[in-house]
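Throw the hints in and build the complete structure from the sequences for me.
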Amino acid sequence: MIPLSWFLIFSAALFAIGLFGVMSRKNTITILMSIELMLNAVNVNLLAFWSYLYGAQLDGLVFVAIVFAAAAAETAVGLALIISAYRRYQTVVADDLDLMKG
Amino acid sequence: MSTETLIWLIPLPPLLAFALISLFTNRSRSISHWTAIVAAGVSWGLSMIVFARAFAMDNLGESPFGSSINWFPVGETYFKIGVHVDPLSAITLFFVAWTIFMIIIYSVGYHNFGQPEGDHDRPGLPPHGADVKDEKGHTHRVPSVEPMYSRFFAFIALFAFGMYALVVTDNLLTLYMAWEIMGLCSYLLIGFWYGKKSARDAAVKAFMVTRVGDMFMLLGMAALYSLTGTLNYTRILSNDAVIQQLVTTQSPVLGLSWAGLVGLLIFMGTVGKSAQFPLHVWLPDAMEGPTPVSAMIHAATMVSAGVYLSIRFFPLIAAGWTPGAPLTPPMIVVTSIGTFTALFAASIAMAQNDIKRVLAYSTISQLGYMVAAIGIGAYVAAAFHLLTHAFFKALLFLGSGSVIHGMEHGSMHTGEEIDTQDMRNMGGLRKKMPVTFWTFLIGGLALSGFPFITAGFWSKDAIHAGAYNGHFTPVFVVLVLAAFLTAFYSMRQITMTFLGKPRSKSAEHAHETKWTMTLPLVILAVFAISIGWVGIEEDFPLIGGVIPNVIKEFLGSMLKVHGTEIFQLTPIFVSIVLALSGLTLGWLLYRRLKADVPDPMQKILGPVYKAMQNKYGFDEFYDIFFVKTSNWISETFTYRWIDLRVIDGILHGIAALGLGIGRVFRNFFDVPVINGAGDALGEGTRGLGSILRKLQTGRVQQYMVIALAIILILGAIFYSVIGL
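Same order as they appear, the protein sequences are chains Z and D.
As numbered in this note's numbering, residues 1 to 102 make up the first sequence, in order.
As numbered in this note's numbering, residues 1 to 724 make up the second sequence, in order.
Incorrect hints may have been included.
[Stated by the list, open to error] When the alpha-carbon atoms are kept at most 20 Å apart in a straight line, the in silico EDC-like pairs for lysine to aspartate or glutamate are as follows:
{"id": "1", "chain 1": "D", "residue 1": "552", "chain 2": "D", "residue 2": "58"}
{"id": "2", "chain 1": "D", "residue 1": "501", "chain 2": "D", "residue 2": "599"}
{"id": "3", "chain 1": "D", "residue 1": "501", "chain 2": "D", "residue 2": "416"}
{"id": "4", "chain 1": "D", "residue 1": "80", "chain 2": "D", "residue 2": "4"}
{"id": "5", "chain 1": "D", "residue 1": "694", "chain 2": "Z", "residue 2": "98"}
{"id": "6", "chain 1": "D", "residue 1": "694", "chain 2": "Z", "residue 2": "59"}
{"id": "7", "chain 1": "Z", "residue 1": "26", "chain 2": "Z", "residue 2": "96"}
{"id": "8", "chain 1": "D", "residue 1": "694", "chain 2": "Z", "residue 2": "95"}
{"id": "9", "chain 1": "D", "residue 1": "501", "chain 2": "D", "residue 2": "419"}
Source of the hints: derived by calculation from the structure; they are not laboratory data.
And the structure:
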């Protein structure tokens, strides 16, 4: 078997990459993609633990399904927000949306 | 009602009248004068009743009427004040009541009640006439009513209260209070026409000069109180033990006994109030007041109060003296001042041209007579002369007021602007003002001591006899010489005013004054003739003994020790000769006096006349020596130097010091520290805010970075501290 730790390292790395992306990308859509990446990394983590430790029960699977659903909904909402923001400010660069400055 | 109750009531009606007039009746002239007249009348009535009862008592001297009440607590007991009527008070009450009543009635006419109000009359200045149109359309000037009519009666009523209170009181403290009330009223009334600067100055002068005397009197009172513990007459003066003790203890001043020193100090009060030398300067200037005031002050009341006090305190002044023995030092002082004043003032009166000034100096001279009589021990004669003098001097003053009124009538009628009081402008008024003439003549003859039919003769003769019988030759000679001068200037005054031909148009057109003014003159003239007859010596040839010598028996009962009176003809003879010769000389010199001719005496006396006319320069001397010096002390020394520079300097210094400290506190503590702290708080917050604001960039990704950093730090802390 592949040791559990490889999955965990993998999901941690994905999460870090996603986090890095959230924090450093200019384009808001790219930030959303990075958020998706983080969520998926979390899903991988959850599945790895489920599969290796609690494979008999369905709780882990249900948890992951809910996370997926939440991620999808959240992405929809996020995109809607970005489109609405684009319509208003003609930009999707995150650094330009600094209305809360001061 | 008991006599004591009546005595308590005597001073009250005038006081009530003063209160009523000042508070309520000021606007109505007739109500004011009726209030005053009724009050004076009531007091007069009460005084007459008390006098009659006092006279009927057998030994009033030993057991006088008296009653007292507690006033304020002093130590264990109370200080008592009350009333006391013995023969001296009774006699004084008699003449005070009559003269005050006559003067108040006279004042109604004097202030022209019933005349129209003047055109340009202002309160504060004497009235000067109103223009009246008669039926034919001619305007002529008539005398106008006094603008401050009610005020006069209010003050006169207060004055009457003061005098009545002084006469009936039984102790020195209330006497002093009444004394000062009269001093106040003399100030108010001399300065009655306050619009005239001369009147204002005269009022201040009168008050200041009498105050000098009063100060010494207060010292005497204080000494007396501290020595004997009381100020009551009976306890001091009728108490032999007290007098004895005062005589035998030495005072620290000039080797006098305490009795002598206190007597002299109290006598100084008389010197001030009765205008003896050297405090005589206020009395002639007091003629600035209306004539009834001059009569009141200088005949009836105020100056009499001074002599009354000295007669009252005769036991103290003469303590240790028995008749026949040499005079004690205080008596020598008293006599010297009295005799000198008598001659001195008589000489000045000879050269005066204002009708009232002659009478003023005459008053000073006659008071000198009385004081001299006290000094040589003839206090009965002094009291007798006080009694007669009050009547004839009041008569003379009121008569002079009537003359002045007559002259003013004439002056207004003819439009001539002359001094209506100057005798050189008068003359021939005998025909125009007969009642005034005859009453004034009676008064003048009484003053000169015309033999037998005038009161002045008997009282003056009593004084001369006292001086002669006591072998006080210098006193006798000086007094007799003063009597000669008195007769001379009296006749001079009468001749210049009434006899001869009128010397000005105003005198030609003068006419007699109203009955309100002449009736008091007539009544007083009756007294001026008859009051002397109660004092005729028993041994007098022919008429002695017909009327008992009431004065001697009544008054003489006050003192326990009398000299044996030897009756001698010489003083009487001398008095008669000198009085008649003085009268004749006065008449001869002045009967043909014309207008604008210098006084005949000027040729005779030369430079002495000038000195007499200038009152020997005493006013000027006092002015330079005392008035200007005290002005300098008050204006320059105490005001500019001490008050402004030193005292205000200290105050300004303290204020500057306070300001400086305040400034230091403000600049070095308040502003930097407290303001600084406050400002620092605000500035600091703003600075911090402007720094922290930079954190809020509005850029979400940076927020996330910061959040992540802090989570990591917190995680590290938790890990290391708690041991996660």
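Distance restraint between residue 694 (chain D) and residue 98 (chain Z), which requires alpha-carbon spacing of 20 Å or less: 13 Å, holds
Is it true that the CA of residue 501 (chain D) sits at most 20 Å from the CA of residue 416 (chain D)? At roughly 18 Å apart (the allowed maximum being 20 Å), residue 416 (chain D) and residue 501 (chain D) satisfy the hint.
Pair hint outcome, residue 552 (chain D) versus residue 58 (chain D) [Cα-Cα no greater than 20 Å]: 14 Å, holds
Is the Cα-Cα distance between residue 694 (chain D) and residue 95 (chain Z) 20 Å or less? It holds: about 15 Å lies between the C-alpha atoms, which stays within 20 Å.
Is the Cα-Cα distance between residue 501 (chain D) and residue 599 (chain D) 20 Å or less? Roughly 16 Å separates the two Cα atoms, so the pair holds.
Check whether the Cα positions of residue 26 (chain Z) and residue 96 (chain Z) lie no farther apart than 20 Å. 9 Å, holds
Decide if the proposed pair is consistent with the structure: residue 501 (chain D) and residue 419 (chain D), CA atoms, cutoff 20 Å inclusive. 18 Å, holds
Is residue 80 (chain D) close enough to residue 4 (chain D), meaning Cα to Cα at most 20 Å? 15 Å, holds
Is the Cα-Cα distance between residue 694 (chain D) and residue 59 (chain Z) 20 Å or less? 46 Å, violated
In this structure, only the earlier hint numbered 6 is contradicted, and the remaining ones agree with it.
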